[in-house]
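Number of protein chains: 2
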Amino acid sequence: MKFTISRTEFTKALNTVSRAISTKTTIPILTGLKLQATQTGLILTGSDADISIETTIKTDNPDNLLAVESEGAIVLPARFFTDIVKKLPEETLTIEVGENFQTMITSGPSSFTINGLDANNYPHLPEIETTNSIPLAGDLLKQIISQTVIAVSNQESRPILTGVHFILSDTNFLAVATDSHRLSQRKVILETPINGSFDFVIPGKSLIELSRMIDDNKEDIILSVTENQVLFTIGDTLFYSRLLEGNYPDTSRLIPDSHDTRISFDAPELLASIERASLLSHASRNNVVKITVKPETKTVTIYGNSPDVGNVEEDMEPKSVEGNELEISFNPDYMKDALRSFSQATINLDFTSSLRPFTLTPTEDSDSFVQLITPIRTF
Amino acid sequence: MKFTISRTEFTKALNTVSRAISTKTTIPILTGLKLQATQTGLILTGSDADISIETTIKTDNPDNLLAVESEGAIVLPARFFTDIVKKLPEETLTIEVGENFQTMITSGPSSFTINGLDANNYPHLPEIETTNSIPLAGDLLKQIISQTVIAVSNQESRPILTGVHFILSDTNFLAVATDSHRLSQRKVILETPINGSFDFVIPGKSLIELSRMIDDNKEDIILSVTENQVLFTIGDTLFYSRLLEGNYPDTSRLIPDSHDTRISFDAPELLASIERASLLSHASRNNVVKITVKPETKTVTIYGNSPDVGNVEEDMEPKSVEGNELEISFNPDYMKDALRSFSQATINLDFTSSLRPFTLTPTEDSDSFVQLITPIRTF
Chain A
1 MKFTISRTEF
11 TKALNTVSRA
21 ISTKTTIPIL
31 TGLKLQATQT
41 GLILTGSDAD
51 ISIETTIKTD
61 NPDNLLAVES
71 EGAIVLPARF
81 FTDIVKKLPE
91 ETLTIEVGEN
101 FQTMITSGPS
111 SFTINGLDAN
121 NYPHLPEIET
131 TNSIPLAGDL
141 LKQIISQTVI
151 AVSNQESRPI
161 LTGVHFILSD
171 TNFLAVATDS
181 HRLSQRKVIL
191 ETPINGSFDF
201 VIPGKSLIEL
211 SRMIDDNKED
221 IILSVTENQV
231 LFTIGDTLFY
241 SRLLEGNYPD
251 TSRLIPDSHD
261 TRISFDAPEL
271 LASIERASLL
281 SHASRNNVVK
291 ITVKPETKTV
301 TIYGNSPDVG
311 NVEEDMEPKS
321 VEGNELEISF
331 NPDYMKDALR
341 SFSQATINLD
351 FTSSLRPFTL
361 TPTEDSDSFV
371 QLITPIRTF
Chain B
1 MKFTISRTEF
11 TKALNTVSRA
21 ISTKTTIPIL
31 TGLKLQATQT
41 GLILTGSDAD
51 ISIETTIKTD
61 NPDNLLAVES
71 EGAIVLPARF
81 FTDIVKKLPE
91 ETLTIEVGEN
101 FQTMITSGPS
111 SFTINGLDAN
121 NYPHLPEIET
131 TNSIPLAGDL
141 LKQIISQTVI
151 AVSNQESRPI
161 LTGVHFILSD
171 TNFLAVATDS
181 HRLSQRKVIL
191 ETPINGSFDF
201 VIPGKSLIEL
211 SRMIDDNKED
221 IILSVTENQV
231 LFTIGDTLFY
241 SRLLEGNYPD
251 TSRLIPDSHD
261 TRISFDAPEL
271 LASIERASLL
281 SHASRNNVVK
291 ITVKPETKTV
301 TIYGNSPDVG
311 NVEEDMEPKS
321 VEGNELEISF
331 NPDYMKDALR
341 SFSQATINLD
351 FTSSLRPFTL
361 TPTEDSDSFV
371 QLITPIRTF
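Residue numbers (this note's numbering), protein chains in the order written: chain A, 1 to 379; chain B, 1 to 379.
Bound conformation, chain A alone (with noise of 0.2 Å):
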């Protein structure tokens, strides 16, 4: 195998498949990344065998100023062969494979010899059948990432709560995230409806993966699913995750469908008063905030409190407040996630009483997004 390439575009590819390679994983193999050289192009795939990601650098494409000399394939060191390429001093590098699989990096004066590994040992990546595939749009898929995987699970006592769940069918698209604490649920209506119907979990910590490898522009990432992967494709880019196994819980019921107090915020102003009483609950052993809501006068209270450092009181200017009076106490991490989720929007508090679940959606469009929170007993 041998090749010459622009090392800026090299480097954007290494980094790309290095968002797959762990340092911590227990087949060794894993810890390399995987080049393989052809006359169309570059492949380069890295894994930590629940994510995987392969990306094509083209012949075609100037750009990339490359060119193969011989085809073939190499395992290398990941973290060594990144930082290495990083570091070269000219604008271009040839990667040559000696015998015993002695890779030699050339870039003007400078020149590495590095251990790689036989390719024919690296595991295969799933075979994903795209005839099945769904478009959607990379700022959309993003947006409904970080809405619903802040409410995943990170404990393995439940593994199938660490996932977000996805619910497919004509033109409906749900997810739902839920750490048996909060809630967090989009719907999408899609613009073009899918033959078949689709249910599955994907891992949280793939999405997240996935979120940051998709620009904030909007072209279209192609999901496909299988029985236990699934597959987005972004441009010349394939991101592969596992799925998680077993049945998620039905989630539909856990949304009230009425409320007895609510009150209305510009979502970034609530976030403010809440990050200011959580300084003083995080202090605490309990990490609770109390609202009080006092729909007669339209005050809502808000109140943090450590015994060792003192307490704080913030009384809010709420936009509407309407229904029963409320004293209600919470986690205010699960609000500060849930409020910033919201980004810049008006929302709905809604509450039935101070012991049952409360939501919050967005008072524009407010069936698309819901997040759920359960209140803490401290009385």
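Just so you know, the hints here were simulated from the structure itself, not pulled from any lab data. Everything numeric in this text was worked out from a predicted model, so none of it was measured. Incorrect hints may have been included.
Identical chains blur together in the list; that is why a pair holds if it fits in one copy or across any two.
Said to hold, decoys possible - Straight-line distance between alpha carbons at most 30 Å, and here's what the computed DSS-like set of lysine-lysine pairs gives:
(1) Lys142 / Lys2
(2) Lys187 / Lys58
(3) Lys12 / Lys87
(4) Lys336 / Lys12
(5) Lys319 / Lys336
(6) Lys205 / Lys187
Following the hints, put chain B in place on chain A, whose structure we already have.
Frame of chain A; chain B shown alone:
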């Protein structure tokens, strides 16, 4: 005590004194910061017993929006208090100390009450007469610190070597540091001769904190020294550090006054090559990089090697090569620190033999700055 103040200006001052406050202190009151309100201004003090910082927000500067309603002093938990001030909603805030050192912080609708401590229990800062004081340009002091502090020892086995040794007399200003493997010495000729002579050792850690406080403008900093303390006055801010006790070893004879081989490089170019070579040496148990110099062919070659990963070889393009042939090995991290301290300059590397320390000096003004590195025996 009661005062109102600009949140922006107060936050700046809190950030300044917080540099001296450690959460790891064994003296509980030092986790707090002291506020003292007087008619002329608000004095903030932070200390970790080694370093103390005092800064004054003056009443007569209208930007400070400072109005002192009643004088007094209090000690508040530094981290919480600073976090609270940063997150307050309005541009000004009011602080009022009530009974039992309970302190109320209000800003718009937000109202915090935190537990303070009696300011009478806060340690007194050292008293330093500022009659014998030496003015230094801020940017020069910052440069001297960055060039010498890299060579201080971080091993407590010889505490005196954890500081930088300053020797001042007449117009001569010398700063030198060594960890016994390398040495860095900077000389400055002062514009105005000083009264008397001074010889003292400032802990490296204090100098690093001091350096972070110096803006890149040329504002004069006033240095005052007593037997066991040094004071740097930077505008309205006082920076105190204890001095290290004991005799600093005589370093004047360590720097060789002749050489048998000299090579010359642009510092950034040599730095880039050493960084590449150290990628592999870092992967090895012996962190060693080798240089060979062949004056006949004007070649300088750098080698790095790791039995596990591979090796690197690079032919350099020196600006000049003269003297005897040489092969020498050294710790590339020492070399990188040294090279960075020359920034963009052209430098000479002077060698006597492969087992004797070698020096790096700027080609222009070689007397003002010298870095010395002890080689590693590899045979």
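Exercise. Taking each numbered hint in turn, which are not upheld by the structure, reported in ascending numerical order?
Worked result: Structure breaks hints 1 and 2.
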